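J.: Single-letter residue listing:
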Amino acid sequence: MSYNIGYHYQAGGSLPADAPSYVVREADDELFDGLLAGEFCYVLNSRQMGKSSLRVRTMKRLQDAGVACSSIDLTGIGSQQLTPKQWYRGLIQELVSCFELNINRRQWLKERDDLTPVQQFGEFIRDVLLVEVDRHIVLLVDEIDSLINLDFPTDDFFALIRNCYNKRAENPAYHRLTFALFGVATPPDLIQDKHRTPFNIGRAIELPGFKMHEVEVLETGLVGKADNPQAVLREILSWTGGQPFLTQKICKIWVEEWTIAAETETEAIETLVRSRIIENWESQDEPEHLRTIRDRVLRNEKRAGRLLGLHQKVLEEEGIDSKNTPIEIWLRLTGLVYKTKGKIEVYNRVYERVFDKNWVRHELSELRPYSESFNAWVNSGHQDKSRLLQGKALQNALLWTQDKSLSDLDYRFLNASQDLEKVEIARQLKLQEEESRILAEAHHALLDARQKARTKIRIATVILSFSVFVGGMIFYSWPTVHYGESCVVKLVANQLASAREDCLYAIKLNPKNKEAHYTLGQVYERLRNFEKAERHYKEAVNLGFLAAYSELARIYLLKDDCDRALDLLRQVQQAATLPEVKYAVLKNIGWGYLCQWKKHQDPGSLDSAEKYLQDSLEIDNGRASSHCLLAQVIEERDEKEIALHSWKKCKDGLKVNSFEEEQWILTARQRLQLTTQ
Amino acid sequence: MGRSLKVDPDCINRVKAALHRNGFPSQQALAIDLGFSRSTVANFCNGKPVDYLNFVEASDKLGLNWQEIALKSDSETTDAIVSNYVERPPIETICSEVILRPGSLIRIKAPKKWGKTLLKNRLLQFSTKQNYRTANLNLLEAEDDTLNDLDRFLRWFCIRIAKELHLPKDGVTEIWDEDDPSTTNCTMYLEEVVLESISTALVLSIDDIDRVLTYPIASNFLALLRSWHERARVNKLWKKLRLVIVYSTDAYIPLDINRSPFNVGEPIELPEFTVKQVLELAKKRQVEWDLDSVEKLMQRVGGHPYLVDRAICHLKDRAGETLENVLELAATEAGIYRNHLRDLWLTLQEHSELAEATKAAIAATESIRLEPNITYKLYSLGVVKLDGNNVVIRCPLYRDYLGDRLNN
Chain A
1 MSYNIGYHYQ
11 AGGSLPADAP
21 SYVVREADDE
31 LFDGLLAGEF
41 CYVLNSRQMG
51 KSSLRVRTMK
61 RLQDAGVACS
71 SIDLTGIGSQ
81 QLTPKQWYRG
91 LIQELVSCFE
101 LNINRRQWLK
111 ERDDLTPVQQ
121 FGEFIRDVLL
131 VEVDRHIVLL
141 VDEIDSLINL
151 DFPTDDFFAL
161 IRNCYNKRAE
171 NPAYHRLTFA
181 LFGVATPPDL
191 IQDKHRTPFN
201 IGRAIELPGF
211 KMHEVEVLET
221 GLVGKADNPQ
231 AVLREILSWT
241 GGQPFLTQKI
251 CKIWVEEWTI
261 AAETETEAIE
271 TLVRSRIIEN
281 WESQDEPEHL
291 RTIRDRVLRN
301 EKRAGRLLGL
311 HQKVLEEEGI
321 DSKNTPIEIW
331 LRLTGLVYKT
341 KGKIEVYNRV
351 YERVFDKNWV
361 RHELSELRPY
371 SESFNAWVNS
381 GHQDKSRLLQ
391 GKALQNALLW
401 TQDKSLSDLD
411 YRFLNASQDL
421 EKVEIARQLK
431 LQEEESRILA
441 EAHHALLDAR
451 QKARTKIRIA
461 TVILSFSVFV
471 GGMIFYSWPT
481 VHYGESCVVK
491 LVANQLASAR
501 EDCLYAIKLN
511 PKNKEAHYTL
521 GQVYERLRNF
531 EKAERHYKEA
541 VNLGFLAAYS
551 ELARIYLLKD
561 DCDRALDLLR
571 QVQQAATLPE
581 VKYAVLKNIG
591 WGYLCQWKKH
601 QDPGSLDSAE
611 KYLQDSLEID
621 NGRASSHCLL
631 AQVIEERDEK
641 EIALHSWKKC
651 KDGLKVNSFE
661 EEQWILTARQ
671 RLQLTTQ
Chain B
678 MGRSLKVDPD
688 CINRVKAALH
698 RNGFPSQQAL
708 AIDLGFSRST
718 VANFCNGKPV
728 DYLNFVEASD
738 KLGLNWQEIA
748 LKSDSETTDA
758 IVSNYVERPP
768 IETICSEVIL
778 RPGSLIRIKA
788 PKKWGKTLLK
798 NRLLQFSTKQ
808 NYRTANLNLL
818 EAEDDTLNDL
828 DRFLRWFCIR
838 IAKELHLPKD
848 GVTEIWDEDD
858 PSTTNCTMYL
868 EEVVLESIST
878 ALVLSIDDID
888 RVLTYPIASN
898 FLALLRSWHE
908 RARVNKLWKK
918 LRLVIVYSTD
928 AYIPLDINRS
938 PFNVGEPIEL
948 PEFTVKQVLE
958 LAKKRQVEWD
968 LDSVEKLMQR
978 VGGHPYLVDR
988 AICHLKDRAG
998 ETLENVLELA
1008 ATEAGIYRNH
1018 LRDLWLTLQE
1028 HSELAEATKA
1038 AIAATESIRL
1048 EPNITYKLYS
1058 LGVVKLDGNN
1068 VVIRCPLYRD
1078 YLGDRLNN
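Order-wise, the sequence lines are chains A and B. The numbering used here applies: residue 1 is where the first sequence begins, and numbers increase by one. The numbering used here applies: residue 678 is where the second sequence begins, and numbers increase by one.
These aren't lab readings, by the way, just hints derived from the structure by calculation. Treat each hint with caution, since some may be false.
[Said to hold, decoys possible] Mimicking DSS-like on lysine-lysine, the simulated pairs with C-alpha atoms at most 30 Å apart in a straight line are:
1. Lys846/B <-> Lys110/A
2. Lys60/A <-> Lys913/B
3. Lys913/B <-> Lys85/A
4. Lys302/A <-> Lys343/A
5. Lys846/B <-> Lys85/A
6. Lys648/A <-> Lys1036/B
7. Lys611/A <-> Lys1062/B
8. Lys916/B <-> Lys252/A
9. Lys640/A <-> Lys1036/B
10. Lys60/A <-> Lys916/B
11. Lys960/B <-> Lys611/A
12. Lys339/A <-> Lys302/A
13. Lys960/B <-> Lys973/B
14. Lys252/A <-> Lys953/B
15. Lys960/B <-> Lys252/A
16. Lys598/A <-> Lys648/A
17. Lys252/A <-> Lys1036/B
These figures come from a predicted structure and were not determined experimentally.
So that you can see chain A by itself, here it is in the shape it has in the complex (with noise of 0.2 Å):
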């Protein structure tokens, strides 16, 4: 059997005119009776539903029926920076070069240089377009949604569309002009004036899906690829809902690279469509489609979030009552969702099992809660400091970002806000320290005027007073800051005395202070006082803090209860994800094991540790002490020659920063010896 040579499918682009794969539509006559009578029409609607293939064949329609046409797209004027003077001239070129117009267009433009950009157009249209031409016109406009990307307004433009329509009482040339403009927005996107938009005065013409009694032309490009090529298409169909391009795509594939190796038609589609679209959609999606309406989704941060609500209630529901709201008409408008006897249901099964509740799941717990400052932050180059997020809200957003994966720019927004708090309150310490001076020495300059004369008692009632209501006013915001901040500095600096005290302070101050509590426990972890330690690790713990876990796990493995240390673990791994945190998870939890296998000599254990380890060095391979742990289990496994390995690592690598990997270290140099020996 032979096959149509000559014959393809195409899906991306718009299709010639006289391409044998276009599906004619209701759409297409209705368009081409409109326009040919006159009628203002548009087709708005969602990405690659064959509005460019429609407006190139129905222009080649109005051709043939001796109708002067002009493809207008507005892309290839631009949207850099343009003045209105700039665009409408950009427009009247396109007119220029689509009609042959004789006409020195720079030349006519510089004679009416008085007029506004949107009068020149308006009367080319009179005096050029109209009179040059004596047929009817037609005037196309494709991507009109691009408009909103132009950095003046251009309600002057869809005005003057009305207008022209207007003019025809008056003026019986504008009866042989035609506006059809195509794009992926709702009228009210592009113009809200009631009064001078042409949406009112224009028909919509809607572009559904395929159905099967329009696809025979699709058929003929299956003959010879198919033993039933109707069965084949019905099955696609049945997949792709009608969508234009799913449906040119996977005919192609099917003429193009398939074999049939299944039962059915039914079977073959089913695995084709599952292999080549849906599974690995990402990397698969050549040209762009799926991929194009996940970004439309989600593109918009501050409506992703609903969008993404109302498909899911979509998904769970399986079609809800449609009310034409605005975000029901956005979800419309990504192309995921349709409108079908006053319901809004997905469009077809392909979207269904891509963009399915999982997704919607995962796509919205990547929302950032703090988009709105971020975007303004990375549009401000970075610069604008009062976009930074500070105190509460830095902290929810450093929670939020456990468990995610973030771009660069993320990291550093949030690096430079925690610095800027950083330098934030080490200035209102300075202050402090400042006002504590001041204090000092107005205490002192009371008791020296006390001590000086009597009858300076007024004087010296003053400055009491004065000193009174600064101590007073220091009093109250010192507390918490001064002493939880000075605890953690004099940590670092390995003033332990010091910082202990500072710490206590702190906690009588205010006994719900878990950095505190944290921080003590460090401190006495450094005194070895490990008692003292679990006691603030678990306080800290039992007030939310979620670095404290991992402390207090360690804890209770030095002390070889692993059990504890495991169950403490589990609760934060999940919720675990800036790197150091989830680092020491994980760690700790190969260390848990290690200490369970030690105990009860189960090679689950033993496994288990393996490979949280490993998946610690996942997530940072330089850590050594991992090495460390690992050598051990390896060690545990008689493989000591490989361990040696790891002890190298260990060794090599390790900065001591606590009781146990002073310990490890040690067995490490013991080990290395020996082998040396």
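Since chain A is already given, all that's left is putting chain B on it; use the hints.
T.: Then chain B, alone, in the frame of chain A:
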């Protein structure tokens, strides 16, 4: 002349040494001295295309003989193009068919040093045989300043086309009117001057088009190309235009898809060489090889066209050398790939996230998943292959060399 020259990879070290020898502490210093832009000097020093006159001047400044250090590849003779080319069916046939269609667009995509330029040159040669006119542009020749401004860029673009077609440069300045959008000026030049003057067809080829992706003008420029392509469907004059764009990555930048040439036209993605094709290449280069040798080589470098070709050429020129020897030293500083590997390594070093990702890919035993941006960049460098959504290091040579350096 509108030709561009590149420093031969084997001579790059000489160039860099000459830099120091002549007292230039950095490429920037040389740039200032010569009055060139930094990117021009960078291109010169890294074996990338540089305008012929600049190349000669820079060579002179460094006390080098420009004819000695210049690479004769792009400007290869017709014979060379024909004789060294290994066909990868059905790619060549598709290209030849598509280029004949009015208003067609061909996209050639593959990692760097994959043979894209050879394929493109062959296609241009074929076009010339059809009596078509050809204009061969490379965006690497555009300087930073040019790429940062749409108007400057489009002027540069038109002037390059003028040069290729031997049209007077003045034609561009005459058409350019600041009251009009730059895109309109550019389109007018192409329509009223270029396409008007051509009777058959014009094949406009743009190499390294992904260079523009990192600049803000990208979306406007690409939309312009796309509009020309769409125009060619309906406009008699524009049907003469055929576009060929060549790139290593359509990196993950959310361009509104209806406004770029990256998702229309005929996509041509070059695969690695097969064993059969390597044998054929050896034969063309007049080197006696059997299946065994080919397999040994490919075990080390896979079907990476450049790596394979380099080995063959090296062994052709040096009678005493053996393949075993070459392979043994391949991943070292004494090996035949040292320049290539070092360049790769330097690139990774300049972008720590790429280095990290490569390290992870090397450490992993199976394919791993990386961020799309990084995936595409590593793919375009040729460092990794794609496995669904995951990546895997392309060949043992890279694994050894890069793994070694990344773990220290």
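J.: Within a Cα-Cα threshold of 30 Å, do lysine 611/A and lysine 1062/B meet the stated pairing?
T.: holds, 27 Å
J.: Do the alpha carbons of lysine 960/B and lysine 973/B lie within 30 Å of each other, as the hint requires?
T.: With a Cα-Cα distance of about 17 Å, the restraint between lysine 960/B and lysine 973/B holds, given a limit of 30 Å.
J.: Taking 30 Å as the top limit, are the C-alpha atoms of lysine 913/B and lysine 85/A close enough?
T.: holds, 29 Å
J.: Does lysine 1036/B sit within 30 Å of lysine 252/A, going by the straight-line distance between their CA atoms?
T.: Roughly 39 Å between the alpha carbons, so the hint for lysine 252/A and lysine 1036/B is violated.
J.: CA of lysine 916/B to CA of lysine 252/A, is that 30 Å or under?
T.: With Cα atoms ~25 Å apart, lysine 916/B and lysine 252/A stay inside 30 Å; holds.
J.: Take the C-alpha atoms of lysine 302/A and lysine 343/A, compute the straight-line distance between them, and say whether it is at most 30 Å.
T.: Since the Cα atoms of lysine 302/A and lysine 343/A sit roughly 25 Å apart, the hinted pair holds (cutoff 30 Å).
J.: Hint check: lysine 846/B vs lysine 110/A, CA-CA at most 30 Å. Holds or violated?
T.: Given that 30 Å is the threshold and the Cα spacing comes to 26 Å, the pair holds.
J.: Does the structure keep lysine 960/B and lysine 611/A at a Cα separation of 30 Å or less?
T.: violated, 50 Å
J.: Mind checking the alpha carbons of lysine 640/A and lysine 1036/B for me, to see if they're no more than 30 Å apart?
T.: This hinted pair holds, its Cα atoms lying about 27 Å apart.
J.: If you draw a straight line from the CA of lysine 598/A to the CA of lysine 648/A, is it 30 Å or shorter?
T.: holds, 23 Å
J.: When you check the alpha-carbon spacing of lysine 648/A and lysine 1036/B, does it fall within 30 Å?
T.: holds, 20 Å
J.: Is lysine 960/B close enough to lysine 252/A, meaning Cα to Cα at most 30 Å?
T.: violated, 37 Å
Checked against the numbered hints listed earlier, the structure breaks hints 11, 15, 17; every other hint is satisfied.
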